[in-house]
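Trainee: Sequence:
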Amino acid sequence: MNTDIENLFKDKVLGHPAGLFILFFTEMWERFSFYGMRILLVLFLTAPILSDNPGWEWPREHALALIGTYASLLYLTPIIGGWIADKITGYRMAVVLGCIIMTLGHASMALETTASFYLGLALLVIGTGFFKPNITSIISEMYKGKESKKDGAYTIFYMGVNAGAFFGMMLCGYLAENYGWSWGFGLAGIFMFLGMLQFLLAKNLFGSVGAKPTKIHEVEIPQNINEERPELRNDQAEEAPIKLNPFTMFDKILVVLSSVGGLLYLFNDPLEKIGGTSLVPFEVGGLSGTNFVVLTALFLFLILLITRIVRYLPIVRDRIIAVSIFGLFTVFFFSFFEQSLGSMTLFARDYTDRTLVGDSAMIFKIVDALLTTVPLIIITWVIYLLFKKTFTIIGASNIVLAIAFIGVWGLVLYRLYDKFSQEGNEVDATWFGILNSFFIITLAPLFSRWWESKYNPSAGMKYGIGLILLGLGFAVLSYGASDIPSGAMTASVSMIFLILAYLLHTMGELCISPVGLSYLSKLVPARMIGFMFGVWYLAIAVGQKAANTMGGMIDKISAEYSLGTFFLIFALIPIGVGVIAMILNPILKKLMHGIR
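With UniProt numbering, letter number 76 in the sequence shown gets 76, and the count goes up by one each step, no holes.
No wet-lab data here; the hints were simulated from the structure.
Take the hints with a grain of salt, since some may be wrong.
Okay, derived cross-link-like pairs now, DSBU-like style, lysine-lysine, Cα gap no bigger than 30 Å in a straight line [to be verified]:
id	residue 1	residue 2
1	Lys388	Lys203
2	Lys149	Lys12
3	Lys146	Lys389
4	Lys243	Lys454
5	Lys203	Lys149
6	Lys522	Lys252
7	Lys203	Lys87
8	Lys150	Lys12
9	Lys590	Lys243
10	Lys590	Lys454
11	Lys12	Lys212
12	Lys149	Lys388
13	Lys12	Lys203
14	Lys146	Lys87
15	Lys87	Lys149
16	Lys388	Lys146
17	Lys252	Lys144
18	Lys12	Lys388
19	Lys150	Lys389
20	Lys522	Lys144
21	Lys87	Lys144
22	Lys146	Lys454
23	Lys150	Lys454
24	Lys589	Lys150
Owing to the predicted nature of the structure, the values given are computational and were not obtained by experimental measurement.
Let's have the full structure, built from the sequences with the hints guiding it.
Mentor: Listed below in structure tokens is the structure:
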């Protein structure tokens with residue numbers, strides 16, 4: 001294995017092995033297809049049947065109920081996909097399987113029939129389960145023994161994530177809104193397939209890295225681009241005595257019951273709202289079967305967590321309590337942040353003035369052209385460096401990558417030509433989705449500097465700042481929407497409010513991202529990482545479902561009160577929770593026992 005790792009480091013691009021950039025582009029195409037398709041979902045499902053670009057004309061609540069279940073499942077299947085790769089397939093084969101299944105999912109959705117649409121969503125959930133945890137595991141394996149270079153590797157890798165999201169939302173959104181939904185769904189599938197082919201043809205570069213396992217691999221939590229960099233100073237952290245805490249039969253029963261209850265709720269919620277049927281057709285004390293099941297599942301999960309925590313020795317117990325509190329804050333954060341692909345996309349389409357004329361139209365076109373072409377020029381230069389190092393070894397993979405990028409350049413130039421040839425300019429509703437990726441790429445270095453400085457805030461403060469910034473973003477939208485009358489389904493609010501909201505939300509995300517998996521990997525004993533990693537993904541899954549359940553109330557609240565009130569609720573709750581996080585900061589520091 002060490003020989004294969006050494007071989008990987010022989011051919012370097014920008015100081016890192018060429019194999020890292022193969023993974024960079026594989027991840028980029030996967031995120032291109034994932035975000036490109038995902039931003040279309042709410043627009044397609046709610047678009048009027050009688051229009052130039054007909055959709056399914058679902059009520060917003062129904063559309064967001066389905067999207068919430070889909071988004072939740074995307075964070076649950078990787079727990080299973082990671083286990084299968086660890087024990088059976090190996091990481092590389094799992095990535096290829098994931099890509100193939102997701103390609104079939106996109107192709108299925110492009111057909112636009114009811115059956116093919118649901119089949120497509122199911123295939124995307126399964127494919128993501130294989131892909132998501134295992135591509136980062138290959139990086140972990142590549143850098144074994146070279147930990148000092150790992151931070152830089154993940155930074156480069158997650159630039160691929162944001163570049164893929166950026167171009168996916170821009171190009172799939174442009175084709176879908178201007179030429180038909182099938183074009184958007186189909187384009188996502190084409191680039192997913194090319195990404196898989198490029199990765200598969202580069203197998204000679206990796207040797208046995210990520211191959212079928214011969215032994216059980218350790219679970220390693222990958223660092224996010226926005227995670228903290230300071231090393232844990234062991235001299236300041238209290239050592240935690242080791243004590244095994246095996247799962248009892250009671251624990252296992254609670255795991256099964258809470259999992260079944262949670263999944264039953266995830267599937268039943270959209271089934272009940274859209275189809276009018278229920279898997280749990282009963283009431284308990286005025287609670288519907290759906291709500292009773294989810295509350296029971298949550299209660300059983302809390303019993304499981306508490307009974308396991310109290311069995312640990314004091315230092316480990318305290319640290320796991322701290323991680324659990326961070327998990328709770330994470331649920332709150334994602335419940336509100338993920339409005340970006342739900343209620344905020346609807347706000348962009350139905351309530352934002354997206355028509356520009358005269359000088360403002362020309363300024364926007366120039367900014368849009370620079371936004372699009374500058375990152376593409378930089379990535380094309382990286383491809384040139386990669387080709388110089390690897391063409392003799394993996395020429396076929398390089399050719400597929402070149403074909404994919406010629407396709408992207410062609411689409412980008414055609415889109416710009418189309419926009420510049422119009423007298424005015426109507427900004428696509430999906431365009432606003434790219435702002436999060438753009439702001440992450442531009443602001444991440446500034447935040448990284450902040451985390452490395454002497455002014456680096458502690459965990460509780462970062463959560464507090466992140467949640468307050470998130471709330472302020474919604475406060476901006478609430479102010480922008482304050483003149484929209486109750487029940488209005490369209491309006492013409494200035495787009496500056498939406499741009500400012502995305503800026504504040506991204507700054508909040510850059511404060512929250514350092515805390516999550518980074519502290520999980522530091523605070524939790526190695527033997528428990530797998531279990532807590534699953535709990536963390538579960539917290540994000542709960543946040544995803546909660547986001548779309550709350551977003552689904554947009555019509556009800558805006559009809560009864562106003563759209564400004566709807567966003568005001570989304571402003572006040574995160575700010576309140578952010579203040580609580582700051583107040584709890586001294587207690588969290590104590591619970592962490594010296595770990596920073």
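Trainee: Quick one, are Lys12 and Lys212 close enough, alpha carbons at most 30 Å?
Mentor: holds (25 Å)
Trainee: Sort out whether Lys144 lies within 30 Å of Lys522, counting only the CA atoms.
Mentor: holds (18 Å)
Trainee: Starting from Lys12, check that the Cα of Lys388 is at most 30 Å away, please.
Mentor: Judged against 30 Å, a Cα distance of about 10 Å means the pair holds.
Trainee: Are the Cα positions of Lys87 and Lys149 separated by 30 Å at most?
Mentor: holds (27 Å)
Trainee: Taking only the CA atoms, is the gap from Lys146 to Lys454 under or equal to 30 Å?
Mentor: Status holds; Cα separation ~27 Å.
Trainee: For a C-alpha distance cap of 30 Å, please report whether Lys590 and Lys243 respect it.
Mentor: Given that 30 Å is the threshold and the Cα spacing comes to 21 Å, the pair holds.
Trainee: Does Lys12 sit within 30 Å of Lys150, going by the straight-line distance between their CA atoms?
Mentor: holds (14 Å)
Trainee: For Lys388 and Lys146, compute the direct alpha-carbon distance and say whether it is at most 30 Å.
Mentor: With Cα atoms ~24 Å apart, Lys388 and Lys146 stay inside 30 Å; holds.
Trainee: Is Lys146 close enough to Lys87, meaning Cα to Cα at most 30 Å?
Mentor: With a Cα-Cα distance of about 25 Å, the restraint between Lys146 and Lys87 holds, given a limit of 30 Å.
Trainee: Given the hint that Lys149 pairs with Lys12, test it: the Cα-Cα distance must not exceed 30 Å.
Mentor: holds (13 Å)
Trainee: Does the structure keep Lys243 and Lys454 at a Cα separation of 30 Å or less?
Mentor: Not satisfied, since the Cα-Cα distance of roughly 35 Å exceeds 30 Å.
Trainee: So if I understand the rule, the pair passes when the alpha-carbon distance is 30 Å or less; does Lys203 with Lys87 pass?
Mentor: Given that 30 Å is the threshold and the Cα spacing comes to 20 Å, the pair holds.
This entry does not satisfy hints 4, 17, going by the numbered hints stated previously.
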